[in-house]
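Engineer: All chains, please: the whole structure from these sequences, using the hints.
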Amino acid sequence: MPAEPTPATGAHALSATGRAGGPPQRLAQAALRDLPWEVGVAKPDPAIVVDGVTRTFGGLTAVSVDHLEIQRGGITGLIGPNGAGKTTLFNLLTGFDQPDGGTWSFDGRPLGKLASHQVARLGVVRTFQLTKALSRLTVLQNMLLGAQGQKGERFFSALVPGLWRKQERENTEKALELLRRFKLDAKKDDFAGTLSGGQRKLLEMARALMSDPKVVMLDEPMAGVNPALTQSLLGHVKDLREEGMTVIFVEHDMDVVRDISDWVVVMAAGNVIAEGPPESISQNKAVVDAYLGAHHDAALTIEDEDRQLAEADAIIARDADGGAARAPRSDSGGTAR
Amino acid sequence: MGEIIDALAIALKAGIGFQAVFLALLAIGINMQFGYTGLLNFGQIAFALLGGYGIAISVSQWGLNFWVGVLIGLLAAVVLALLLGLPTLRLRADYLAIATIAAAEGLRLLFRSVSATPVTNGSRGISGFNSGFVELAPWDTGRRYRLLGTFWSGADLWVTAVGWTLVALASLLVWALVRSPWGRVVRSIREDEDAVRALGKNVYVYKMQALVLGGVFGALGGMIYAVGTGSTTPDQYQNANTFLAYAALILGGAARVLGPVIGAMLMYFIIQFADSGLRSLTENGVIPDGLLTTTDVAQIRFVIIGLGLILLLVFRPQGIFGDRREVMLDAR
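Heads up: the protein sequence lines correspond to chains X and U, in order. Residues 1 to 337 in UniProt numbering are what the first sequence lists, from first letter to last. Residues 1 to 332 in UniProt numbering are what the second sequence lists, from first letter to last.
In case anyone wonders, no lab produced these hints; they're calculated from the structure. Some clues are possibly wrong.
What the hints assert, rightly or not - Simulated coverage check for chain X against chain U, where a stretch passes if three residues somewhere in it have a Cβ under 8 Å from a Cβ of chain U:
{"hint": "1", "stretch": "115-125"}
{"hint": "2", "stretch": "154-168"}
{"hint": "3", "stretch": "181-194"}
Claimed, not checked - Restraint ranges, calculated between C-beta atoms of paired labels, are given here:
{"hint": "4", "chain 1": "U", "residue 1": "Asp6", "chain 2": "X", "residue 2": "Leu176", "range": "56 to 62 Å"}
{"hint": "5", "chain 1": "U", "residue 1": "Leu75", "chain 2": "X", "residue 2": "Pro44", "range": "33 to 39 Å"}
{"hint": "6", "chain 1": "X", "residue 1": "Asp100", "chain 2": "U", "residue 2": "Val205", "range": "51 to 57 Å"}
{"hint": "7", "chain 1": "U", "residue 1": "Ala93", "chain 2": "X", "residue 2": "Gly244", "range": "38 to 44 Å"}
{"hint": "8", "chain 1": "U", "residue 1": "Val205", "chain 2": "X", "residue 2": "Leu234", "range": "36 to 42 Å"}
{"hint": "9", "chain 1": "U", "residue 1": "Leu309", "chain 2": "X", "residue 2": "Gly244", "range": "33 to 39 Å"}
{"hint": "10", "chain 1": "U", "residue 1": "Ala93", "chain 2": "X", "residue 2": "Asp66", "range": "34 to 40 Å"}
{"hint": "11", "chain 1": "U", "residue 1": "Gly142", "chain 2": "X", "residue 2": "Asp190", "range": "56 to 62 Å"}
{"hint": "12", "chain 1": "U", "residue 1": "Ala93", "chain 2": "X", "residue 2": "Val288", "range": "33 to 39 Å"}
{"hint": "13", "chain 1": "U", "residue 1": "Thr165", "chain 2": "X", "residue 2": "Gly162", "range": "23 to 29 Å"}
In this text the structure is predicted, and so the values were computed from the model without any measurement. All C-beta atoms, glycine included, are put in the ideal place defined by N, C-alpha and C.
Structural biologist: This is how it looks when you write it as C-alpha cells:
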C-alpha cells in the first residue's frame with residue numbers, strides 16, 4: 001500500500017505514546033512512524049530478519065515469506081485469518097519446525113541450523129497457543145525451570161548440592177518476584193495443573209521471562225482469557241516493551257492489536273500481505289480482502305446485477321448452441337435466472 | 001494356624017530375597033525412565049540380561065575376573081541404551097516402547113540361538129561364575145542360617161545383603177537426582193517436552209541420560225539375579241519380568257523414590273503368600289479339591305495379583321506412596 005501515513009494518525013500515535021509510555025515505546029514507535037507501509041520494508045533497527053522462508057506440507061504452502069524485519073524493542077502484532085501460517089512461522093523461527101528453504105537471523109546471527117533449545121538459549125523464547133503448563137510440577141517449579149545456565153541441571157553437578165544451592169536460591173527469589181508481579185505468588189506451591197486457563201497463560205509468560213529473553217514470541221496470549229485478565233495480560237506485555245524486550249505476538253482480537261502493537265504484520269495463505277502501524281491495517285484493501293473475501297466488498301446495484309445476469313445468459317446460450325446437448329438449456333437458464 | 005504362619009514366613013523370605021532385589025532394581029530403573037522422565041521402556045529385562053550374561057560370559061567363557069565381568073555387563077547396558085535411544089528419543093514416546101520390547105525379545109532369542117551357543121551356551125545357559133563373588137562373604141557360606149523363621153544359605157544371605165545395599169545406593173542416587181534441578185528438568189520433560197525445549201534445555205540429552213541410568217539399574221538387577229541363582233539361562237530373562245516390574249512400580253507408587261522398592265517387596269510377598277497359603281489350604285482340605293487343586297495354585301496366584309492390581313487402580317491409583325492429587329491431574 002503506497003499511501004503515506006496521514007498527519008491525523010501520526011499525531012494520534014504520538015499523543016498516545018506520550019501518555020502511556022516510557023522511552024523504549026516512544027523509540028520503537030517513533031522509529032517506525034516514517035516508514036512506508038510496504039510489505040518487506042526495512043526497519044531502522046531489526047532484531048529478527050526473515051528472508052525467503054518457505055514451508056510446504058505436501059502441496060500446501062503454509063508459509064512463504066520473502067522478506068520481513070522485526071523492529072527491536074517494539075511490539076509487533078502478527079495477525080491473519082485462520083490457517084494463514086502465523087503459528088507455522090513461529091515454529092520455524094524458533095526451531096520447532098524446519099523450513100524447505102530460506103534464511104532467518106536474530107541480531108545478525110543466522111538461526112537456520114539451530115535446534116529449538118539453542119534458539120531459546122540465544123534469548124528468543126516463545127509461548128504456545130495451547131498453553132503448556134507443566135501440570136504435575138508446582139507453579140514455583142515451573143518458574144525455576146525457565147532459569148538459564150543452571151549448574152544443577154547437569155547430571156554430575158546435580159549430585160553435589162553445594163554447587164547449585166546458591167544459584168537455586170537466587171533463582172527462587174527472582175521467580176517469586178515475577179510471580180508477585182503476575183499475581184500468582186499465592187499459588188506458588190500448587191500444582192500448575194490446578195490453575196485456570198488464564199492463570200496458565202500468565203504462568204507461561206512469567207516462566208518465559210525467567211530466562212531473561214531478548215525476544216518474546218507469544219502465540220495467542222489472550223485466547224480463552226476472560227476480559228478482566230486480558231487487561232492485566234496486556235499490561236504485562238506492555239511492561240516487556242518498557243524493559244527493552246522485543247515482543248512478537250499472534251492475536252485475533254483487533255482491539256488488543258490496536259491497543260498494544262507498534263507495528264502490525266498481516267499474513268494470509270502463508271504470505272505477508274501487509275505491514276504497517278495498527279491504524280493503517282483496517283484501511284488496507286488486501287487485509288480486508290483476506291479476512292472477508294475479495295469479491296464481497298461492494299454491494300451490487302440493480303442495474304449491475306441485471307447486466308451481469310444478461311451476460312451470463314448470453315454465455316450459457318452460446319455454450320449450449322456450440323456444444324453437445326450435455327446440459328439442457330432450460331435448466332441452465334433457470335439456474336442463472 | 002501353624003501353616004499360615006509358615007506361609008507368612010516363606011512369603012516374608014521371598015519379599016526380602018534376592019528375587020525381590022532383582023525386581024526392585026528393575027523397577028527403580030523403570031521409575032527413573034517412566035516415572036520421572038516419561039520414557040516407555042518395555043524391555044527393561046534386556047538390560048538385566050546383558051548384566052547377568054556380562055558376568056557369566058566374562059567369567060566362565062573368557063576366564064576374566066568377576067569385577068571385570070561386572071564392568072562389561074554395565075558397559076553393555078550403556079551401549080544398549082545408547083543404541084535404543086539414538087534413533088528413537090527424537091521421536092514420539094511410543095517408538096522407544098516398540099524398539100525396547102523388540103530388543104528384549106530379540107536379545108533373548110539371540111542368546112539362546114544355536115549360532116550363539118559357543119559364547120552363551122545356548123538355552124542351557126552358563127553357570128559356575130559366582131564363586132569369586134560368594135567367597136567375599138564375611139561369614140561361612142557353607143552353613144545355613146536361621147532368619148525370621150526361615151533358613152537361608154550363607155551364599156543367599158550374602159547376595160541378598162549386597163543386593164539390598166545396591167538398592168539403597170540406587171534409591172539414594174535417584175533421590176539426590178530428582179530433588180536437584182536436573183530432576184526438575186526430567187519431570188518437566190515427562191509433562192511436556194516442547195515446553196522444556198522452548199526454555200532452552202536439550203531434551204534429547206536428558207532423555208538419554210535417564211534411559212542410560214535406568215538401564216544400568218536394570219543391569220545391576222540382572223547381575224544380582226545371576227549371582228543369586230548361580231546360573232544364567234536366556235529364559236530367566238522373559239520379558240514378563242519387565243511388566244512385573246511395572247506392576248511393582250505402580251503398586252508402590254510411580255515417581256516416588258521408595259515406590260519401586262516397597263512395591264517389589266510387596267509384590268513378591270503377595271505372590272509367595274498366595275502360593276504357599278493356598279497350597280496349605282488345599283492340602284488340609286479347607287478349600288475342597290473340586291474348587292482348587294494344588295496344581296492350579298501356580299496359576300491362580302497371578303489371577304489374585306491381577307485382581308489386586310485392578311482394585312488398586314480403582315481405589316488407590318497413586319499406589320502406596322503416590323500423591324492422589326498428582327495422579328488425578330489431567331496430564332496436560
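Engineer: Next, verify each hint and record whether it holds.
Structural biologist: Each hint, compared with the structure:
Coverage of the stretch 115-125 of chain X by chain U holds [criterion: at least 3 residues with CB-CB distance below 8 Å; count 7]. Counting residues of the stretch 154-168 of chain X whose beta carbon lies closer than 8 Å to any beta carbon of chain U gives 7, which reaches the threshold of three, so the coverage claim holds. Under the rule that three or more residues need a Cβ within less than 8 Å of chain U, the assignment of the stretch 181-194 of chain X holds, with 3 such residues. Roughly 59 Å separates the CB atoms of Asp6 (chain U) and Leu176 (chain X), a value that falls within the hinted 56 to 62 Å.
Checked against the given bound of 33 to 39 Å, the beta carbons of Leu75 (chain U) and Pro44 (chain X), roughly 58 Å apart, lie outside it. Taking the beta carbon of each, Asp100 (chain X) and Val205 (chain U) are about 28 Å apart, not inside 51 to 57 Å as hinted. Take Ala93 (chain U) and Gly244 (chain X): their Cβ atoms lie about 40 Å apart, and the range 38 to 44 Å holds. Under the hint 36 to 42 Å, the C-beta atoms of Val205 (chain U) and Leu234 (chain X), about 38 Å apart, fit the expected range.
Range check, Leu309 (chain U) to Gly244 (chain X): about 56 Å between beta-carbon atoms, so the 33 to 39 Å window is missed. Taking the beta carbon of each, Ala93 (chain U) and Asp66 (chain X) are about 38 Å apart, inside 34 to 40 Å as hinted. For Gly142 (chain U) paired with Asp190 (chain X), a C-beta distance near 59 Å keeps the hint of 56 to 62 Å intact. Checked against the hint of 33 to 39 Å, the C-beta distance between Ala93 (chain U) and Val288 (chain X) comes to roughly 45 Å, which is inconsistent with it.
Separated by about 26 Å at the C-beta atoms, Thr165 (chain U) and Gly162 (chain X) satisfy the suggested range of 23 to 29 Å.
Consistency with the previously given hints fails for numbers 5, 6, 9, 12, ordered from lowest to highest.
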